[in-house]
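Visitor: Quick note on numbering: this note's numbering labels position 29 of the sequence shown as 29, and the sequence is numbered without any gaps.
FYI, nobody ran anything at the bench for these hints, they're computed from the structure. Hints should not be assumed to be uniformly reliable.
What the hints assert, rightly or not - Pairs of lysine to any residue, SDA-like flavour, derived with a Cα cap of 25 angstroms: (1) K325 - L285; (2) K183 - S278; (3) K299 - S314; (4) K39 - F111; (5) K183 - S100; (6) K325 - S278; (7) K183 - L315; (8) K39 - P53; (9) K325 - Y294; (10) K39 - S104; (11) K183 - Q157; (12) K39 - S100; (13) K325 - K183; (14) K325 - L243; (15) K325 - A296; (16) K325 - I357; (17) K299 - V321; (18) K39 - L16; (19) K325 - G307; (20) K325 - E358; (21) K183 - R115; (22) K299 - L285; (23) K299 - A360; (24) K325 - A290; (25) K325 - P174.
To be verified - Restraint ranges, calculated between C-beta atoms of paired labels, are given here: (26) L344 - S100: 49 to 57 angstroms; (27) L344 - L69: 44 to 52 angstroms; (28) T114 - A42: 17 to 25 angstroms; (29) Y190 - P266: 55 to 63 angstroms; (30) S379 - K183: 30 to 38 angstroms; (31) L184 - H50: 23 to 31 angstroms; (32) L184 - I304: 49 to 57 angstroms; (33) W303 - K39: 43 to 51 angstroms; (34) L315 - A152: 33 to 41 angstroms; (35) T297 - L19: 25 to 33 angstroms.
Given the structure is predicted, the values throughout are model-derived calculations rather than measurements. By construction, the Cβ of each residue, glycine as well, lies at the ideal position given by its N, Cα and C atoms.
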Amino acid sequence: MPHSNGLFRSDPVPRLLVLVLCLIAYGSLYPGDFQIQGKTLAQAVSQFVHSWPDGKSSIITLDFVLNVLIYIPVGFLGSLSLIRCSPLVRSVGPVLLAASLSASMEILQAFLPTRFTSLLDFASNTLGTLAGVAAAWFVHDWLERLLPVCAARLSAQPGTAMLLAFWIASQWIPLMPYIGLYKLRMRWLYLIHVDWQRFPWELLSAASAWIAAIHLFEEIAPEVARWPLCLPALVLPIRFIILNQQPSAGDVAGAVAAALLAWLLPRERFSRSASIGSFLLIAILVGGLAPLHYVATPKLFGWIPLGASLESSSLIGALNVLLAKAFRYGAVVWVLRQCGVRLLPGSVAVAVLLGAIEWAQRYLPGRTPEITDPLLCLSIAMILGMIEPTLPPAHNDDRPAK
1 MPHSNGLFRS DPVPRLLVLV LCLIAYGSLY PGDFQIQGKT LAQAVSQFVH
51 SWPDGKSSII TLDFVLNVLI YIPVGFLGSL SLIRCSPLVR SVGPVLLAAS
101 LSASMEILQA FLPTRFTSLL DFASNTLGTL AGVAAAWFVH DWLERLLPVC
151 AARLSAQPGT AMLLAFWIAS QWIPLMPYIG LYKLRMRWLY LIHVDWQRFP
201 WELLSAASAW IAAIHLFEEI APEVARWPLC LPALVLPIRF IILNQQPSAG
251 DVAGAVAAAL LAWLLPRERF SRSASIGSFL LIAILVGGLA PLHYVATPKL
301 FGWIPLGASL ESSSLIGALN VLLAKAFRYG AVVWVLRQCG VRLLPGSVAV
351 AVLLGAIEWA QRYLPGRTPE ITDPLLCLSI AMILGMIEPT LPPAHNDDRP
401 AK
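Using the sequences plus the hints, can you model the full thing?
Guide: Structure, rendered in C-alpha cells:
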C-alpha cells in the first residue's frame, strides 16, 4: 500500500480511527447534560479511582463484554495507522491512546447525572484495545490488499456511499448502547409479539428499503452479491443494543424478504433497477396513504419545511425518520437514473408524487401533511448530481446461473 512521508499511511485508516474515537466520545458522554456545580475535578478523579464494582452480576458481565467490543476498533485501526513505526510503537501506542480516552470519558461521566463512572469499564476498554491490536497483526497482510480497493470504490461512487450512510445512520442513531438482561428481554418480547394489523405495512416498508440498500451495497462491493443477507446481518443485530432503536417483526421479516428478492431478481442493471424502483415507489405510495382510513374534514397543510420534525418531542426519533426518508427518496431517484431516467426529471416526478401523497394526508388521521418530503427529495437529488454527475459502469455478474 502507498505510504505518506509521515507516520500515518495515505489511506482512510487514520480518518476511520478519528471517526471511531469521536463516536466513542459521543456515546460515552450522551446525552451531554453536564452538572458541574458541587463537584470538582479532583473529586471526579477520586470517584473514578474508587469505582471498582463490588460483587458479580449478569449486568456487570454484559457491560464488561460491551466495553471490550467497543474499543476493539481503536486498537485495530490504531495499530494499522502506525504501520510504519516500530512493532513496539504499533502495539503500545494504540493502548496508550485508548487508555487516555477511556479514563477521560470515565472522569467526565462523573459530571453526568445519568451516567456512572467505573474503573471496570476502563479495564475492559483497555482489554478491548489489546484485542484489536492483536487482530491487526493477524490480518495486516490481507488488509494491505483490501483497503486500497475499498477506498477506490467509495471515492468512485460517492452518491451510492452517501445513500448507504443515510440508511445505516437511520438504523444506528443515536449510537448510544442500551444493554442489560431486562432490556434485552423486553426487546425480544416486543420482537416476537406481532401486531398483525401493522405487520403488512411494516413488512412492505422494510423490504423495499432493504432491497434498495442491498442493491446499492452490491454496487460498491459486487463480491457480496452471492450473499444478499450480508448487509442486514451486519446492521440489524446492532439495533438491539442501541437506545431508541427497536426492530419489529416486520423489520426483520422485511430484511429477510429483501435478501431473498435480491437473490431472485435479474442481475442485468436495467431490469434489476427497474424492479427495485417500482417496488420502492409502490411502498412509498402505500405507506404514505396507509391505513386508508379517511376523515371528512381536511387538516391544514404545513408549508414550513421540517416543521413537524422541529416540533417533535424526540429530536433523535425525528432525525431517524428524516434519514430513512432521505435514503428512500434518494434511492428511488438513483435507481431511476440507472434505468436511463435523467436526474432532474426523475427527481421532479418523485417530488410531485410525494407532494400528492402529502396533500392526500390532509384527510388521514394521525398524519402530518407538510412540504418537507418533496423538498427533501429534490435536495437529495441535487446533492447526488453534484457529487456524482455520471454513473459508474455496471459490474459484471459472476454469479453462476440458477
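Visitor: If you check each hint against the structure, which ones fail?
Guide: Going through the list in order, the structure violates hints 2, 5, 11, 13, 15, 18, 29, 32 and 35 and respects the others.
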